[in-house]
Amino acid sequence: TCALWQLLFRVLSPLPAGNALASIALEVQARLVKSALCSQGYPRLALAQLPEDGSQGSRELLLALSWLLARGPVPEQMLAQTRVPLGDEMTVCQCEALASLGPPAPHMEAEGPVDVRHVQWLMGKLRFRWRQLVSSQQEQCALLSKIHLYTRGCHCDQNLGHLSVTEAEMLRDPEGGQKLLRTLEHESRRLEAVLAWRRAEPVFWQWMDTVLGTCAPEAPAAASQPTFLPWVPECGDGELELVVRELQTLEEELREAVERRRVAWEAKARGCGRGPEWSAARRAFRETVEKELGALQRCWEQDSGPAPAHGPHRLVRREDGAAGDRDLQAAELIRTLRSQEACLEAVLRQLQGQCRQELARLAGALPGLIWIPPPGR
Amino acid sequence: RVCRRLLQAWEPTGTWAWEPPPEPEINEEDPLPACTPSPQDLKELEFLTQALEKAVRVRRGITKAGERNKAPSLKSRSVVTSPGTTASTPPQSPGQAGGHASDRRPTKGLRQTTVPAKGRPERRLPSVPDRTRAGIGARAPRPGAGLRNQHMAPSAAPQAPEAFTLKEKGHLLRLPAAFRKAASQNSSLWVQLSSMQTSDSMDAAAAKTQFLQNIQTASGGSQPRLSAAEVEAEARRLRKACSLLRLRVREELSAAPMDWMQEYRCLLTLEGLQAMVGQCLQRLQELRAAVAERPPLPCPVGRPPRASPSCRGGAEPTWSPQLLVYSSTQELQTLAALKLRVAVLDQQIHLEKVLMAELLPLVSAAQPEGRSWLTLCRAAHSLLCEGGARVLTILRDEPVD
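Read top to bottom, the protein sequences are chains A and B. Just so we're aligned, residue 1 is where the first sequence starts under the UniProt record's numbering, counting upward by one. Just so we're aligned, residue 1 is where the second sequence starts under the UniProt record's numbering, counting upward by one.
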């Protein structure tokens, strides 16, 4: 039973495997497993009621594991997470960026007045770090590019054409190369194991069905469940609030504007007369607008953006920049990113403009002051 | 992460070129060494020689003056000036071009003691951050005959000074056979895995769905509750929706209609947007209700990259890494810079919203008198309107008495 708790913990834990994980006490692991499962919507209540010392419940744990396995390709995902990167990789999606933004910090009540100077100072630090990051990243790119350039023509895989930093490093440092080789072989063994699992899978599901059959059906009570989380504070509740407020303001604004315009339009339209072309035109407009708005809606309904596939990509330098159909081209990505950039910049400017207006309003209350805006760019 | 990579790139430049080969076997396998050192190598050697000479000065003395004259003249010979030869000049009596075996040891010994000194000349080398590497482990066939062998004693073959730069010899490197085999096996396994994934046997897929349903019904719930992870995903989507909608609304509101047709279209768009906003709000209310009725319970454990479906290879899980092709350094740098810019903008927008929520109420609530209020205003303006980059000036317009 203990092993099952630990296995579930390993599967569910967001942290990469490491020694730190192993040292967490069993009770803690068990609790975290329970909360993780619950947050993913695991339906069986019996699990939540299991004792956390690992004394019983192996059947429930087995069921939970099967539930996870049925929902997604767990072994493959775990393999992909610990994959040995042989190439120089770059991720294209923004998942990392989102993750690094972290869950919204628990809403802390300000202890005492907000120290604006402190905030300014922090902001300055942040901007400095950004600049540092940019410049070091640029340097890294230049180095990478050079290495790719200098080692072209020597990779056994024609598709790749040149060595990556990892591969080149392996040549330079044979000991490290041996380690890499061992890790690679280790991964191959695990891949073989997963393949064997996949081939034998149907048997497992047959068995699990019988296991489930031996359980008594549960009553769908809203049983009281263990309530806390050692790790993570609260949900996206604060987030939801923010969005709701924004949308409400937007709604207000729209309501006003639409009313105004509708009235104005009606008045104008009266003078236009109605004819068959007019109604045809109206229909045409309606259709176009619907289509546009539909496209807009799809922008956020699809969980992620269109093409850019997720996960890391191996960087490959080619003079002509030609790419196979499954590969991505830098030029295209650049285009996409530029449009994203433009969009975000527009949003930011909008927000800043709003602030400017608001502050001007607040400050205008006090006469006798001249406000000189900073020299613009 | 970035820093680590940079260090990796730089280290060989600093410490490598002079380390003696660790295993003699490698030397033997190492085919013909280069006999025409590159200009880069020559320059390195010049520096090194000078360093050696300085170090040697203590022990030497008399013959040094003569040697120093010899050294440049030897180097000027474009013919087979093996690095070993040149470097061995100082301890040699003048006129002898070859390095005798007996001199190998002391030279090597000297070289080893001057390893720290070597660090300096390396740094002095011009800005080209080429990776200087010793040719260890590379089964690179090097051009030129074994002339060097004539100058060297086989036992103490100083492969070490033969640092070549990646620039010149990079294209000659070859990956070791064992690695190639392992890598190809690895990638074929990944391919197998991904093909197995897509052509998931019907039995297994059906069995899984069946199992999930069974578990669901066994627990009495007919409708799976919304998990916190799903709530979060939905909230994210709606947040995105909000910003897109708001952007669009601004666009429409600020566009000056040219004629009545445009006006009509604008009106329609706005009405449509209004409806969408309403829908989003409704969805949000639903979410809030769903979240509230559950006891204050388990929320996403961190933001598990695993639990979220997004970065899982997308719709088509292809587990072997796809390629990202670029054509020039410029392009790569642009790509990286843009990626970062987008992330930074995202963060800035988030910050802006938070700051707005915190600071604006403060400013409006504060008493508009006194210096502290002015400071607050200035700071708020700077943070909110200029991203903390610039600060405005406030002049007090004192009426002249």
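Derived from the structure by calculation, the hints contain no laboratory data. Don't take every hint at face value.
Stated by the list, open to error - In silico DSS-like cross-links for lysine-lysine, where the CA-CA straight-line distance does not exceed 25 Å:
no., chain 1, residue 1, chain 2, residue 2
1, A, Lys125, B, Lys181
2, A, Lys179, B, Lys240
3, A, Lys291, B, Lys240
4, B, Lys240, B, Lys353
Verification of the hints:
no. : hint                  : verdict
1   : Lys125(A) / Lys181(B) : violated (48 Å)
2   : Lys179(A) / Lys240(B) : violated (44 Å)
3   : Lys291(A) / Lys240(B) : holds (19 Å)
4   : Lys240(B) / Lys353(B) : holds (14 Å)
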